[in-house]
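**Student:** Residue strings, one per chain:
Number of protein chains: 2
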Amino acid sequence: MREFAEPYRHGWRESIQVRALLYDGQSAFQHLQVLDTVPFGRLLVLDDACQTSEADEYTYHEMLVHVPMMAHPDPKRVLVIGGGDGGALRRVLEYPVEQATMVEIDGEVVRVSRELLPGIAGDAFEHPRGELIIGDGVKYLRETTEHFDVILVDSTDPVGPAVDLFNEEFYRNAQRAIGDNGIIVTQSGSPLVMLDELIAAVKQLCSVFPIVKTYLACVPIYPGVLWSFTAASNNLDPAAVDPARIAARLRANGKPTGWYTPEIHRAAFALPNFLTAALGIQTADEPSALPLPISGE
Amino acid sequence: MREFAEPYRHGWRESIQVRALLYDGQSAFQHLQVLDTVPFGRLLVLDDACQTSEADEYTYHEMLVHVPMMAHPDPKRVLVIGGGDGGALRRVLEYPVEQATMVEIDGEVVRVSRELLPGIAGDAFEHPRGELIIGDGVKYLRETTEHFDVILVDSTDPVGPAVDLFNEEFYRNAQRAIGDNGIIVTQSGSPLVMLDELIAAVKQLCSVFPIVKTYLACVPIYPGVLWSFTAASNNLDPAAVDPARIAARLRANGKPTGWYTPEIHRAAFALPNFLTAALGIQTADEPSALPLPISGE
Numbered sequence: 001m002r003e004f005a006e007p008y009r010h011g012w013r014e015s016i017q018v019r020a021l022l023y024d025g026q027s028a029f030q031h032l033q034v035l036d037t038v039p040f041g042r043l044l045v046l047d048d049a050c051q052t053s054e055a056d057e058y059t060y061h062e063m064l065v066h067v068p069m070m071a072h073p074d075p076k077r078v079l080v081i082g083g084g085d086g087g088a089l090r091r092v093l094e095y096p097v098e099q100a101t102m103v104e105i106d107g108e109v110v111r112v113s114r115e116l117l118p119g120i121a122g123d124a125f126e127h128p129r130g131e132l133i134i135g136d137g138v139k140y141l142r143e144t145t146e147h148f149d150v151i152l153v154d155s156t157d158p159v160g161p162a163v164d165l166f167n168e169e170f171y172r173n174a175q176r177a178i179g180d181n182g183i184i185v186t187q188s189g190s191p192l193v194m195l196d197e198l199i200a201a202v203k204q205l206c207s208v209f210p211i212v213k214t215y216l217a218c219v220p221i222y223p224g225v226l227w228s229f230t231a232a233s234n235n236l237d238p239a240a241v242d243p244a245r246i247a248a249r250l251r252a253n254g255k256p257t258g259w260y261t262p263e264i265h266r267a268a269f270a271l272p273n274f275l276t277a278a279l280g281i282q283t284a285d286e287p288s289a290l291p292l293p294i295s296g297e
Numbered sequence: 001m002r003e004f005a006e007p008y009r010h011g012w013r014e015s016i017q018v019r020a021l022l023y024d025g026q027s028a029f030q031h032l033q034v035l036d037t038v039p040f041g042r043l044l045v046l047d048d049a050c051q052t053s054e055a056d057e058y059t060y061h062e063m064l065v066h067v068p069m070m071a072h073p074d075p076k077r078v079l080v081i082g083g084g085d086g087g088a089l090r091r092v093l094e095y096p097v098e099q100a101t102m103v104e105i106d107g108e109v110v111r112v113s114r115e116l117l118p119g120i121a122g123d124a125f126e127h128p129r130g131e132l133i134i135g136d137g138v139k140y141l142r143e144t145t146e147h148f149d150v151i152l153v154d155s156t157d158p159v160g161p162a163v164d165l166f167n168e169e170f171y172r173n174a175q176r177a178i179g180d181n182g183i184i185v186t187q188s189g190s191p192l193v194m195l196d197e198l199i200a201a202v203k204q205l206c207s208v209f210p211i212v213k214t215y216l217a218c219v220p221i222y223p224g225v226l227w228s229f230t231a232a233s234n235n236l237d238p239a240a241v242d243p244a245r246i247a248a249r250l251r252a253n254g255k256p257t258g259w260y261t262p263e264i265h266r267a268a269f270a271l272p273n274f275l276t277a278a279l280g281i282q283t284a285d286e287p288s289a290l291p292l293p294i295s296g297e
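These protein sequence lines map, in sequence, to chains A and B. Going left to right, the first sequence walks through residues 1 to 297 as this note's numbering numbers them. Going left to right, the second sequence walks through residues 1 to 297 as this note's numbering numbers them.
In short, the hints are calculated from the structure, not lab data. Incorrect hints may appear among the rest.
Identical copies go unnamed one by one, so any copy, or any two together, can satisfy a pair.
Taking lysine to any residue and the SDA-like style, the derived pairs with C-alpha atoms no more than 20 Å apart in a straight line are [claimed, not checked]:
| hint | residue 1 | residue 2 |
| --- | --- | --- |
| 1 | Lys255 | Ala278 |
| 2 | Lys76 | Thr276 |
| 3 | Lys255 | Ala289 |
| 4 | Lys255 | Glu54 |
Isolated chain A (complex conformation) (with noise of 0.2 Å):
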């Protein structure tokens, strides 16, 4: 059996056992792959980089939207950039919105996931309140002129394609479409083998945002498992949302989770000590923190 692995990052990778290559092609931005796998069903591979499975995706999918969809008190207008695999949108969608806007570069990701992962967009693309648009999200936040309660931004990692996503221009834009009372999310990778990047992430979202706040959730096919997303809001507190307000609108949403529940989405704002020390938020009441679990190159 033939198996797939990403490269190295501090000495340390994951491998899946692989049954067979469904697809394989180039766009205009990357280099597209699906895979067929014992562990995990179709993945979805992006560069090299694995982007989302049918088995695993609802871990998340489901904590890059639930999150900020409950933090917001009844959002409406919803942008997603990126997430051409349609699951972040689908997700969406469970909420009463009156539009989700999703704006993918790359048309390739949307088309290939639409043939070989259906279950993961589920009916998100046929959806009557749903608008996808196959375009530059970072050229579209510059210039629309819309109101958005909530944005998603569902990345690949900030180098290559994705690089402006996680820049102040963009996240000024953003903080201009969301305005005093919206919140933006973006995916911003691994705590464990990529914590530069989330470092440098908080960092610009800080000097645009007054709330920024990190959050963990395991995604198994992800480098390091354990994953990063940051919440950024002028005025809405990410972590802290009644755990009642979450589970009436679950229950109104009527969709099953695998990993989000009222007491997750507390739960995910808890870093560990490694972390709140290198993001620079620990507090008097912590005790002092040992370095990254991981020893490096």
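Given chain A, work out where chain B should sit, using these hints.
**Tutor:** Just chain B, lined up with the frame of chain A:
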């Protein structure tokens, strides 16, 4: 550069780059190796399963030890079963206990750890309040008439030499030794790739103790990274510990932590929805659960 990898589980495994093999030997119980690795420094491997490393040992040991120690109002007598590397004993001795007794079946694990991984135990094996017994922890607990406030089971996985640490007779003997106000914690394996073993351990504990709670942390060297521990008691609820008490005791201990904080203590008991469903502890407030985020063999 060489690499070390445990066997595939559900078609998934981690690989670790290795600089050198520092020790390779066979004890009466198991195959011992110490590797010098790139990501984790020195790594102890027993029967081809990663046990502990210099860089990430704190995630596992802090969560094994601090959670039950903080749950007990005043732990004075503590028993560690297994834990030959000394990392658990060292954390127990950070507290003002009267006596910490460790019963490790394989003296070779202690000898090799003291020689090649001395930083993990620190001075625990020379500590005046520490006691090391080389012997069978199952037999010890069956025969002892001593009382313990906290029992920690720091074992290999529930196959091979450790299998008798996960059955009802063992747990009944532990219950007798800790009495109504003590607490026992056992490492209970990977919720992602050893879910059946975790469910079995929880069921066994539930057949003996009225309070049984599973909690989670990330241990990078372990299969799947996400790892479980299960605490059990007649009276103590390990999830309901005042954060102010935790903060005060950590300050009194005066030792840095890398993973554990007062917030992490509580957050660790928030389980992903697939796991609450698998363990049969889902509440009516939670949405129905999707399956394990790994699709299997």
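**Student:** Next, verify each hint and record whether it holds.
**Tutor:** Hint check:
1. Lys255 to Ala278: Cα proximity of Lys255 and Ala278: across copies only (18 Å, versus 36 Å in one copy).
2. Lys76 to Thr276: Cα proximity of Lys76 and Thr276: none, with 33 Å in one copy and 31 Å across.
3. Lys255 to Ala289: between (40 Å within a copy, 9 Å between copies)
4. Lys255 to Glu54: within (17 Å within a copy, 43 Å between copies)
Comparing the model with each earlier hint shows a violation of hint 2 alone; every other hint is respected.
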